Amino acid sequence: MLTFGYRKLQLMPSESASGATLHIIIAVMNFLACLTLGAVLTLSDIASGWSRGLSASMTVQLAVTDQISAEDQTDAAMRVLQSWPGILRARALSREEAASLLEPWLGQGNVLQDLPVPQLIEVQIKSGEKVDTQALRAALGAVPGATLDDHKHWNEELSGFARSALGVGWAVLGLITLATLAVIVFATQAGLNVHRDIVEVVHMIGAKDVFIAREYERHFLWLGLRGGLIGLMLSLVTLMGAAWIWDRAAGPGSSAFTPHIMASPWHLLWLILVPLASAAIATLTARMTVLRVIGRMP
Amino acid sequence: MRYGMGPEVLRDVSFSLEAGSLQLLTGPSGAGKTTLLRLLYLAEHQTRGLISLFGKDISTLSKAETPMLRRKIGVVFQDFRLIEHLTVYENVALPRKIAQEDERLYRAEVEELLEWVGLGQRQNAKPATLSGGEKQRVAIARAVVAKPDLLLADEPTGNVDPEIGERILRLFLELNRLGTCVMIATHDQNILDRVNARVFRLGEGRLTMLPPKPQHLAF
Ligand SMILES: Nc1ncnc2c1ncn2[C@@H]1O[C@H](COP(=O)(O)OP(=O)(O)O)[C@@H](O)[C@H]1O
Ligand SMILES: [Mg+2]
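Chains as they are written, first to last, in our numbering: chain U, 1 to 298; chain A, 1001 to 1219.
These aren't lab readings, by the way, just hints derived from the structure by calculation. There may be inaccurate statements among the hints.
[Unchecked claim] Per label pair, the in silico range of CB-to-CB distance:
#1 A:Met1005 <-> U:His23: 40 to 48 Å
#2 U:Leu268 <-> A:Asp1079: 29 to 37 Å
#3 U:Met233 <-> A:Ala1125: 40 to 48 Å
#4 A:Glu1174 <-> U:Gly19: 39 to 47 Å
#5 A:Met1005 <-> U:Leu269: 55 to 63 Å
Computed from a predicted model, the values in this text were never measured in an experiment. Cβ atoms here follow ideal geometry from the backbone N, Cα and C, with glycine treated the same way.
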């Protein structure tokens, strides 16, 4: 920047109405970008958490059958499972646990006494290991009424949903970036037009293009950063408010399922990158626009 | 040289300027004086023909060389082109600032130059508060502050009364004596009569050269 003592040669008005308008636009863009990024991060956390949980376990269902007594059926299945490579632990659910799982559908009461409820075996897989489900299914074929559910169907469904939601999130972020670029290009060109006479004189006197561009870069660096920080602050307030409302609505005890929007410090770090990216985008865009416009001057 | 699809403004123009020489450029209004100067200070590209400055064909100048070449040329624009929100001092110091010189190196020089053009008391004034003659002198001071090798002045006495015109003229002659090649575009008969210099006359796109008239004395 050209400074004479403490004074600056300002090629751009700093306190103009367009300055305020631009700040609002950039702040809103950053706000939307932070919200979208927050949603994307939370969603991918939740999705991978679910998916991890689902692929870390399997369920064996033992249907009630005439061919074998329930005890023998459970023992036979447990024998197969306990010696199977890759399986950490297999545990037959007690009737009370089965009842609590079914409670939402069947209601409380002594329903189970009267109903033939299948025995469930919860199978935990050693972390990082894969179980040959095909062979296991074949081995369990020897136990009448036994079926293996490896949650594959659910897993695919979930990751498909997560992938498309994440895709939408990234696309929205891309659009926000594009709109920001367009606004910066427009504002830079407007600034150059308003101060065309000054830019021309400075150009004719022998200023290098990058010297003139630096004036604009500095202006837009601060614009991008200030707008970005305002947007970030607003988005943090919004995200925390949303988390709080969610927590209250979900009620106590269900916090395990609540997606903690602000839970991970990594999320915060990513969000802090948004205003920095905004400043970088604004600076580079202004620079390229100025160089392009001045480059066309003789 | 032509503007856009317009008629050819300059057609048959060929000359060379010696280092440290003095010349006047004359011709009726609309003859192309400003156009010729604009070509010389690289504000226009010629549509055909060859221009070389300081031994370099300007059509082969790179993006990096152009500003460096411009810094060797001081220009007094016909309409001054002062920067309104800067003070007189800042306007005049601008070329040195753009050359990224340290202000401590030129501050005294700029102040001395402002004294010399009679603006010592108006250093902190904004151009809007100056008279036409004062603006003219600021423009001239800015054109010469970086000690250019070539000074191009477009109608430098066009907007001022004869007395100031004379002072400005003296200033140019002084600079020329110090070694700057000077070219003044003017149709001021007073200057043409009183300055002992080569005269370039433009008319109908052609340039004719008149030798200096030895019987006239310079200031
Ligand atoms: N920017 C321009 N675009 C189109 N025509 C121009 C432009 N500048 C000058 N001209 C034309 O070129 C001719 C020479 O103009 P100019 O160089 O300003 O003459 P002078 O300075 O001798 O009065 C005139 O006919 C003028 O109309
Ligand atoms: Mg003219």
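Now for the hints, and whether the structure bears them out:
no.: 1; hint: A:Met1005 <-> U:His23: 40 to 48 Å; in the structure: 44 Å, holds
no.: 2; hint: U:Leu268 <-> A:Asp1079: 29 to 37 Å; in the structure: 56 Å, violated
no.: 3; hint: U:Met233 <-> A:Ala1125: 40 to 48 Å; in the structure: 44 Å, holds
no.: 4; hint: A:Glu1174 <-> U:Gly19: 39 to 47 Å; in the structure: 46 Å, holds
no.: 5; hint: A:Met1005 <-> U:Leu269: 55 to 63 Å; in the structure: 59 Å, holds
Hint 2 alone, counting from the list given before, is not met by this structure.
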